[in-house]
Amino acid sequence: MAKITLKKLSHSYLTKQNNNSDWALRGVDIDWKDGGAYALLGPSGCGKTTLLNIISGLLKPTKGGVFFDDKDVTTLNPVERDIAQIFQFPVIYDTMTVYDNLAFPLKNRGLSETEIDAKVKEIGAMLELTPTLNNKASGLTADGKQKISLGRGLVRSDVNVIMFDEPLTVIDPHLKWVLRSKLKELHQKINRTMIYVTHDQIEALTFADQVVVMHEGQIVQTGTPVELFEKPKHTFVGHFIGSPGMNILPCEIKNGQINFEGKTLPSNTSIKKTNFSKTQVGIRPEFVNFSKEGIEVKIKRVSDTGRHKIIDTECKSGSIKILANAADEIPSGNAHITFDQKYTYAYGDNWIIE
Amino acid sequence: MKKIKWLVPTIYIIFLMLPIYWLLNMSFKTTTEIINVYSLWPQDFTLDNYKTIFTDSTWYMGYVNSIIYTVINTLTSVAAALPAAYAFSRYKFLGDKHLFFWLLTNRMAPPAVFALPFFQFYSSVNLFDTHIAIALSHCLFNIPLAVWILEGFMSAVPKELDETAYVDGYSFGRFFFKIFIPTIAAGIGITMFFCFMFSWVELLLAKTLTATIAKPIAAIMTRTSSTSGYELGLLAAAGSLTIIPGAVVIYFVRNYIAKGFAMGRV
Amino acid sequence: MNKTLNQKAWYFVIPVFVLVAFNAVVPLMTVVNYSFQETFGSNVFAWEGTRWFKEILHSERFHASLGRQAIFTFIILIIQLPLGIAIALTMPKKGWGVPVCLILMSMPLLIPWNVVGAMWNIFALPDIGFLGNSLNSIGFDYNFTQQSGDAWFTTILMDVWHWTSLVVLLSYAGLNSIQPAYYQAAEIDGASRWDVFRYIELPKMKKVLTLAILLRFMDSFMIYTEPFVLTGGGPGNATNFLSLDLVKMALGQFDLGPAAAMSLIYFLIVLLVCWIFYSLMMKDEGRA
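Chains as they are written, first to last, in the working numbering: chain W, 1 to 354; chain X, 355 to 620; chain V, 621 to 908.
With the rest of the complex left out, here is chain W (with noise of 0.2 Å):
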């Protein structure tokens, strides 16, 4: 088990970088406690999958460091580095039984028979594999296959991180649910650092502890789920966690407060810097409400989905959608909204202003 601090991380593919999109990774930086269950969120192509396996060893950075316990692993290769990781589809030994799969990495690391036996069948018992150890490990499942490379790295008791790579891409949605929570569940008992990279802000925020959201090479937010509910610092987590994601709006910074729609809004940030060349509000549809009097509105249209209306409206500046609970009075036409100030954000640049 060990701490994981990455240090000014960057990566590009390319020989040369000429701007910013050459970059894969744009100055990472991380700390990351023993024993956690971390995620690693964001889009296809922000960098996550990059990330992962230079934390692994799989991939060397072009700049930064890599550290396991204070100890510089930046130039190890996977077994020196003691990790294990699990990829978008199983990866097994088709030709070898469940068991001399689990025994594999054992097998290698020089083992003797008695432990390794011990090793496999408690790691088994633990997955509910048991009654299949002695199978040909190709006429699995997708998630009986997949729980087998899990397991490989589970038998290792020497290892520092797990990691995982969008796991669950190829198992049923029905199946989703039970290995996710059996993950977690995993996770309680054997108190190993866990790394796992989704783009499915359900899977991060249900598994993990910590999330760190990534955008385009950049971390944008490090928090736990309800902090990046309740305080995105970067536009992107606004959209991309919730659903639906936050409003935000163009607005104007007019004496250190927030002006929308011609009206000033009170908000939860003081704001000092005023030399952004974007400024936008922004709240999450759960914190509007209706009032009497307030910012204009036109109402669109009304969802309902059972647990929540979803209502579409328009302003001046665009469109503000609000979640209400079903039992609400909606009203039509026109209408009046206000911002909880608790939760109203000012952004600059895309970045929260604080």
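To be clear, the hints were calculated from the coordinates, so they are not data collected in a lab. All residues carry an ideal CB built from backbone N, CA and C; glycine is no exception. Among these hints, one or two may not hold up.
Said to hold, decoys possible - In silico SDA-like pairs for lysine to any residue, Cα to Cα no more than 25 Å straight-line:
#1 K623/V x T537/X
#2 K119/W x S812/V
#3 K824/V x V79/W
#4 K623/V x A540/X
#5 K824/V x L140/W
#6 K824/V x M96/W
#7 K513/X x T169/W
#8 K359/X x F817/V
#9 K359/X x L822/V
#10 K826/V x T95/W
#11 K359/X x L786/V
#12 K60/W x K359/X
#13 K561/X x P855/V
#14 K359/X x P702/V
To be verified - Label-pair restraints from in silico Cβ distances:
#15 A684/V x T141/W: 55 to 61 Å
#16 D172/W x V652/V: 54 to 60 Å
#17 V718/V x T537/X: 20 to 26 Å
#18 K16/W x V418/X: 49 to 55 Å
#19 L822/V x I421/X: 40 to 46 Å
#20 P800/V x K189/W: 27 to 33 Å
#21 I533/X x W716/V: 31 to 37 Å
Once you have looked at the hints, place chains X and V on chain W.
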């Protein structure tokens, strides 16, 4: 370790190029030099051998003939194989598995077995010594191969594509030619490559079924080597020229080969 | 793929069926016809029953050429398959080396078979050929036109030169279709290079290797043109493989009856071995 890796394909390629180089070497020498002097490159460089081939019609017609029947065969095989492969790929019908296997067995028949019967058969239908005869006879092993390869590529294209086209109002003909064929273009390229290859290199049937009019270059060459007075230089030049069409074809399909080998049947 | 049942599909298959049957059925019928009869020249036939089959199966000559053929094919497979795989393992997977390798390695496959024979003939001539001259100058007493051992050596070397690339290309295609994640997982598991070959590469190449074995078996067992041009079957009978012997019998001596019978036996041997391989190939496909 990495350096040694380069050595293996390099040595292999050198091994492959040696006899070809030797052939080229001989083609630029006079027969007297070949017989009397052993040298690694022509001491007395001459283009006479090539001149003979390009000016003597018995020689260059050989190439023309070979190209004619190879092209006829390739086009026929692919054209016939396309609908058949489509049927095997999309439909179940009575005897389909048996038919498919029967097609493959034709590739397993020793050509030697067919030499005499083909000779008699094609003579009896008055097709002896024609390009059509060779082109048709090569269909025996080229069509099964074409069906086999094309079926592999077609099976990789999901049926949903067909169904979407019908929903959009395409007739079968339009769908097949405007949508389906472009999708499997790589597969068609590979198939044409293999048909061309196997037809171009085959000698036994091509020689048996022809006399003078449609005689392929391969047969003309054997005539030369079996007469007394080895015209080695001429033979070498003729041989060298037969390598060119193959090299050209391979150059054009090189991208398809790399891509297509990974998909499809293989 | 979910195939729909549709008997009309036969219409699509008709051109193929006609073209192939035209070439296969009629000549086959002729061969079968001849195999049961004796020809007295100019179309006079007499029924002989299974006489030719019995004669061939007992004939020393047939046993000899079948034996030579079997040994030849065996040696070919033993050399070309491991060699082809080994070369494919060392070929580059990306970069400019890839098209260069593919094009140069494919060249022997595109040369007309008699040119291959002629090329090697010129190449191996003891005094004026590069190979012949070099071997003799090192100290070997090499002459493939007069010594059987040398004839075998040259024929085998020629076939290796000619066809190994087919195995290389097929193996290379198979190797390239393996996703990098497998290699990465093996690296993490601490697998040795040999383990990677044995547990990942070889199993994933099973399909292409079966195809390679099938093709090489068939083509080497039916080989005719190259040895014909290189050695003519000689010296003596040394390289008189099955096809060569058959053609000599049929076209040369016009012993149509025995030739036809031998043809059928020949065909059945190939068919049997291929059927076994085909079943193995299809069996796994059915399971997956």
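We went through each hint and held it up to the structure:
1. Distance check on the hinted pair: K623/V and T537/X sit about 19 Å apart at the alpha-carbon level, within 25 Å; holds.
2. Taken as a hint, the K119/W and S812/V pair is honoured in the structure, with Cα atoms around 22 Å apart against an allowance of 25 Å.
3. Of the pairs offered as hints, the one joining K824/V and V79/W holds, with about 24 Å between alpha carbons and a cut-off of 25 Å not exceeded.
4. This hinted pair checks out: K623/V and A540/X have alpha carbons roughly 23 Å apart, not beyond 25 Å.
5. A C-alpha spacing of about 17 Å is found between K824/V and L140/W, which places the hinted pair at or below 25 Å, so the restraint holds.
6. Note on K824/V and M96/W: the hinted pairing holds, with a Cα-Cα distance of about 13 Å set against a maximum of 25 Å.
7. Among the hinted pairs, K513/X with T169/W is consistent with the structure: their alpha-carbon atoms are about 23 Å apart, no more than 25 Å.
8. A hinted pair counts as satisfied when its Cα atoms are at most 25 Å apart, and K359/X with F817/V qualifies at roughly 15 Å.
9. Our distance criterion of 25 Å between C-alpha atoms is met by K359/X and L822/V, whose separation comes to about 19 Å.
10. Simply put, K826/V and T95/W have alpha-carbon atoms about 11 Å apart, close enough for the 25 Å limit, and the pair holds.
11. In summary, the hint linking K359/X to L786/V is supported, as the alpha carbons are separated by about 20 Å, within the 25 Å threshold.
12. Restraint check for K60/W and K359/X: the C-alpha separation of about 23 Å stays at or below 25 Å, so the hint holds.
13. In summary, the hint linking K561/X to P855/V is supported, as the alpha carbons are separated by about 24 Å, within the 25 Å threshold.
14. For the given pair, K359/X sits about 16 Å from P702/V by alpha-carbon distance, which is consistent with the 25 Å threshold.
15. At roughly 56 Å, the beta carbons of A684/V and T141/W sit within the given window of 55 to 61 Å.
16. D172/W and V652/V have their C-beta atoms about 56 Å apart, which keeps the hinted 54 to 60 Å range intact.
17. Evaluation of the 20 to 26 Å hint for V718/V and T537/X yields a pass: the beta carbon distance comes to about 25 Å.
18. For K16/W and V418/X, the Cβ-Cβ distance of about 52 Å falls inside the hinted range of 49 to 55 Å, so the restraint holds.
19. Under the hint 40 to 46 Å, the C-beta atoms of L822/V and I421/X, about 41 Å apart, fit the expected range.
20. Checked against the hint of 27 to 33 Å, the C-beta distance between P800/V and K189/W comes to roughly 31 Å, which is consistent with it.
21. In this structure the hint that I533/X and W716/V lie 31 to 37 Å apart at CB holds, the actual value being about 35 Å.
The structure shown violates none of the earlier numbered hints.
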